[in-house]
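**Q** This is what each chain is made of:
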Amino acid sequence: MAPATQFEVAQPPQDAISALAFGPGTSRRLLVSSWDKNVYLYEVSSGAEEATLVRTFEHRAPVLDVCFGASPDEAYTAGIDHQVKKIDLATGDQTVLSKHSEAVRCVVFSAQHSILISASWDCTLHVHNISHPSQPPLAIPLPGKPHALAASPTKLVVAMTARLVHIYDLPALAAAVDPSSPSRQPPQPWQQRESSLKFLTRAVACMPNDAGYATSSIEGRVAVEWFDDSPESQARKYAFKCHRQAAPEDEGGGDIVYPVNSLAFHPVHGTFASGGGDGTVALWDAEAKRRMRQYQRFPESVAALGFSGDGRLLAIGVCPGFETGMEDYSGEGRTKLFIRELGESEAKGKGSK
Amino acid sequence: MGKKKRGHPDIEELLARPWCYYCERDFEDLKLLISHQKAKHFKCERCGKRLNTAGGLSVHMNQVHKETLQCVENALPNRSGLDVEIFGMEGVPEDILQQHNQRIIQNFYTAQAERQKVTGNPPRGQAGGHGPAKKIKYETPEEIKKRLAEHRAKLAAQKAAAANGAPPPTAPADGSAPAQGAPPFLPPQPGYPYPAAGVAPVPGVPVVPPYGAAPGFPAPAGAFPPGPSPPPGATAPFALPARPPSGAAGAPPYFYGAGAPPPGYPGGAPPAVPASDAAATGDSIDQLIRMAEAGIKPAAAPAKNGAEEAAGAGEKKKKGARMVYADTDVSPEEKMAMLPRYRWVESAAA
Numbered sequence: 001m002a003p004a005t006q007f008e009v010a011q012p013p014q015d016a017i018s019a020l021a022f023g024p025g026t027s028r029r030l031l032v033s034s035w036d037k038n039v040y041l042y043e044v045s046s047g048a049e050e051a052t053l054v055r056t057f058e059h060r061a062p063v064l065d066v067c068f069g070a071s072p073d074e075a076y077t078a079g080i081d082h083q084v085k086k087i088d089l090a091t092g093d094q095t096v097l098s099k100h101s102e103a104v105r106c107v108v109f110s111a112q113h114s115i116l117i118s119a120s121w122d123c124t125l126h127v128h129n130i131s132h133p134s135q136p137p138l139a140i141p142l143p144g145k146p147h148a149l150a151a152s153p154t155k156l157v158v159a160m161t162a163r164l165v166h167i168y169d170l171p172a173l174a175a176a177v178d179p180s181s182p183s184r185q186p187p188q189p190w191q192q193r194e195s196s197l198k199f200l201t202r203a204v205a206c207m208p209n210d211a212g213y214a215t216s217s218i219e220g221r222v223a224v225e226w227f228d229d230s231p232e233s234q235a236r237k238y239a240f241k242c243h244r245q246a247a248p249e250d251e252g253g254g255d256i257v258y259p260v261n262s263l264a265f266h267p268v269h270g271t272f273a274s275g276g277g278d279g280t281v282a283l284w285d286a287e288a289k290r291r292m293r294q295y296q297r298f299p300e301s302v303a304a305l306g307f308s309g310d311g312r313l314l315a316i317g318v319c320p321g322f323e324t325g326m327e328d329y330s331g332e333g334r335t336k337l338f339i340r341e342l343g344e345s346e347a348k349g350k351g352s353k
Numbered sequence: 001m002g003k004k005k006r007g008h009p010d011i012e013e014l015l016a017r018p019w020c021y022y023c024e025r026d027f028e029d030l031k032l033l034i035s036h037q038k039a040k041h042f043k044c045e046r047c048g049k050r051l052n053t054a055g056g057l058s059v060h061m062n063q064v065h066k067e068t069l070q071c072v073e074n075a076l077p078n079r080s081g082l083d084v085e086i087f088g089m090e091g092v093p094e095d096i097l098q099q100h101n102q103r104i105i106q107n108f109y110t111a112q113a114e115r116q117k118v119t120g121n122p123p124r125g126q127a128g129g130h131g132p133a134k135k136i137k138y139e140t141p142e143e144i145k146k147r148l149a150e151h152r153a154k155l156a157a158q159k160a161a162a163a164n165g166a167p168p169p170t171a172p173a174d175g176s177a178p179a180q181g182a183p184p185f186l187p188p189q190p191g192y193p194y195p196a197a198g199v200a201p202v203p204g205v206p207v208v209p210p211y212g213a214a215p216g217f218p219a220p221a222g223a224f225p226p227g228p229s230p231p232p233g234a235t236a237p238f239a240l241p242a243r244p245p246s247g248a249a250g251a252p253p254y255f256y257g258a259g260a261p262p263p264g265y266p267g268g269a270p271p272a273v274p275a276s277d278a279a280a281t282g283d284s285i286d287q288l289i290r291m292a293e294a295g296i297k298p299a300a301a302p303a304k305n306g307a308e309e310a311a312g313a314g315e316k317k318k319k320g321a322r323m324v325y326a327d328t329d330v331s332p333e334e335k336m337a338m339l340p341r342y343r344w345v346e347s348a349a350a
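Here the protein sequences line up with chains A and B, keeping their order.
If you're matching positions, the first sequence starts at 1 in the UniProt record's numbering and goes up one per residue.
If you're matching positions, the second sequence starts at 1 in the UniProt record's numbering and goes up one per residue.
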């Protein structure tokens, strides 16, 4: 009803969406990585309610994650082909930054510290010093397979199998890859935690104000935690159920529980969005512990979410969800990309009013 | 619907509850309904002001924000129109009112029938003993013996087929074979993680659900592994005593024939019986008969085996949740990456 509008992008990826990211600052560029081995670059025109496909960047294998670098012309990708790549979005040049020994699951760029962190199923993190691309990345061994990675201004949260969560201090990581640093010893995690959720972690997102982070699991639940490990702060953490649906009575009732595939914090208001296998996107006020909004159901599972740097746009990647027992999967023809222009106070929490 | 709070209210009470035209939710009293409508349907998206009616909100939007209200928020798809002026229960069109009452009445009677089926209690005010649901439970020893014979014959056939290396025959759909709630050759299912998680809560991690959610997990749905939904008609041949039409019907606790028990079966001692072991088969058949004679539903059987299930297997059965993705070690992406469609094989040259 308000000026909030939502539109579907005309040329979505051919197959399932793995991740999406808006450019830094006021950039209207949107990168989408897909299982169809391509990374798509869109330009969202303000007001005209459309996003045009600028170009695509083909990879050797499906791309599991994508992020922007320091400028809107620089991107990094994580591929199933074990490679972490840098892409020059203007020229289309692709440079291999490092090679893991398994598929690379996530990449995160920290603009504050000019380092790129990649996480791979070979149970390592690679920390790249972007200012010194010739320098080999620093490998940090992990106790489990990483499934989600997120960075706040000073912290890096790595969620792994067996419900492990490690938090690294980004300045320490940056210091370790500084060429003048004598040691190049992999730094120890700043904190080691166990996930508050009882099931496999699905997504992690950090609060833009550096206070904490949210994690979600395959079992329709989201937890909000704080970095500060004082008992008072830790007592504030909480978790809640979401992205569930009552099963029809004739199927035995109860709930159908969907995975929460994606989390994204609003860069301005500090509220966050969650996207689930039930095809819904909900906006939450982490402070007031309230759901602010739940948008109309999308035709398929929500795979990825991302706010633009100014918080005016929310991109929603929609494709069929992988479910237990599936022996075949294809997102072909059912993958869609929506962009929602948020009303001024749409994502504003009650607490900050 | 709030029914659980006070046992099972009678139909008059249910019909008297005020309910919301826009979302069909019902409330304890009118005041609650009105505050619900103000908060959910008549709240201005721009400034948060709560209006009394959709018309009021429309005027407000027009005058204050210079915008036009298109539809009522959070409404059911066909109820979001601005043409009807609703305040509390006032203004609800007669036909919608009738529809709602119909629905309530229907729900009430199906729920009641279901309860009677489950408990075996006669409806209120009637002499007990011969409810319609009760009749189905009755099975003569002859019938049971007949089923037993048929079942043994089938097992023998399966065994023979397995010995010949041929794919085992699928279950006949003629309604004569017992325990056909699920296909006998169910592929192994990943373990259902609920009971374990419920028994061993995370130490030192207080999870405070902010929205009134229970801190623990809901009791498992009879602690069944979440089997695939049964093929159409698969529940029909289930010739045991009547059971409520629940999802659990698709996964009876007994897996006969060559099918392997699902790993991590929560019952502790999986009662699945290898087809080659005829004596053991006889034992569990006998148990089945004893159960049938005692009028015990087979669903209750695993409760005997697993102590932690005893609490959940009975009346809380309905509360069970089914996870769309239940693998707690391997992420969906890893599974997808293993599919031939997406798999990456390092070429020899590289």
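Do not take every clue at face value.
[As the list claims (entries may be wrong)] Derived DSSO-like pairs: lysine-lysine, alpha-carbon spacing no greater than 30 angstroms straight-line:
no.: 1; chain 1: B; residue 1: Lys43; chain 2: A; residue 2: Lys241
no.: 2; chain 1: A; residue 1: Lys350; chain 2: B; residue 2: Lys117
no.: 3; chain 1: B; residue 1: Lys159; chain 2: B; residue 2: Lys146
no.: 4; chain 1: A; residue 1: Lys350; chain 2: B; residue 2: Lys335
no.: 5; chain 1: B; residue 1: Lys66; chain 2: B; residue 2: Lys38
no.: 6; chain 1: A; residue 1: Lys241; chain 2: B; residue 2: Lys66
no.: 7; chain 1: B; residue 1: Lys335; chain 2: A; residue 2: Lys145
no.: 8; chain 1: A; residue 1: Lys289; chain 2: B; residue 2: Lys146
no.: 9; chain 1: A; residue 1: Lys350; chain 2: B; residue 2: Lys146
no.: 10; chain 1: B; residue 1: Lys117; chain 2: B; residue 2: Lys159
Everything labelled a hint here was simulated from the structure, so no lab data went into it.
None of these values were measured; they are calculated from a predicted model.
**Q** Decide, hint by hint, whether the structure agrees.
**A** Against the structure, the hints:
1. Pair hint lysine 43 of chain B plus lysine 241 of chain A holds up; C-alpha atoms about 25 angstroms apart against a cutoff of 30 angstroms.
2. Distance hint between lysine 350 of chain A and lysine 117 of chain B is unfulfilled; the C-alpha atoms sit about 48 angstroms from each other, more than 30 angstroms.
3. Straight-line distance between C-alpha atoms of lysine 159 of chain B and lysine 146 of chain B comes to about 20 angstroms, which keeps the hinted pair within the 30 angstroms bound.
4. In summary, the hint linking lysine 350 of chain A to lysine 335 of chain B is not supported, as the alpha carbons are separated by about 40 angstroms, beyond the 30 angstroms threshold.
5. Proposed proximity of lysine 66 of chain B and lysine 38 of chain B is supported: the alpha carbons are some 21 angstroms apart, at most 30 angstroms.
6. Proximity of lysine 241 of chain A to lysine 66 of chain B is assessed by CA-CA distance (about 38 angstroms); at most 30 angstroms being required, the pair is judged violated.
7. At roughly 14 angstroms between alpha-carbon atoms, lysine 335 of chain B and lysine 145 of chain A fall within 30 angstroms of each other, so this suggested pair holds.
8. Proximity of lysine 289 of chain A to lysine 146 of chain B is assessed by CA-CA distance (about 60 angstroms); at most 30 angstroms being required, the pair is judged violated.
9. Taking the CA atoms of lysine 350 of chain A and lysine 146 of chain B, the gap is about 68 angstroms. The hint is violated against a cut of 30 angstroms.
10. With a C-alpha separation of about 37 angstroms, the suggested pair lysine 117 of chain B and lysine 159 of chain B falls outside the 30 angstroms cut-off, and the hint is violated.
Violated hints, in rising order: 2, 4, 6, 8, 9, 10; the structure is consistent with all others.
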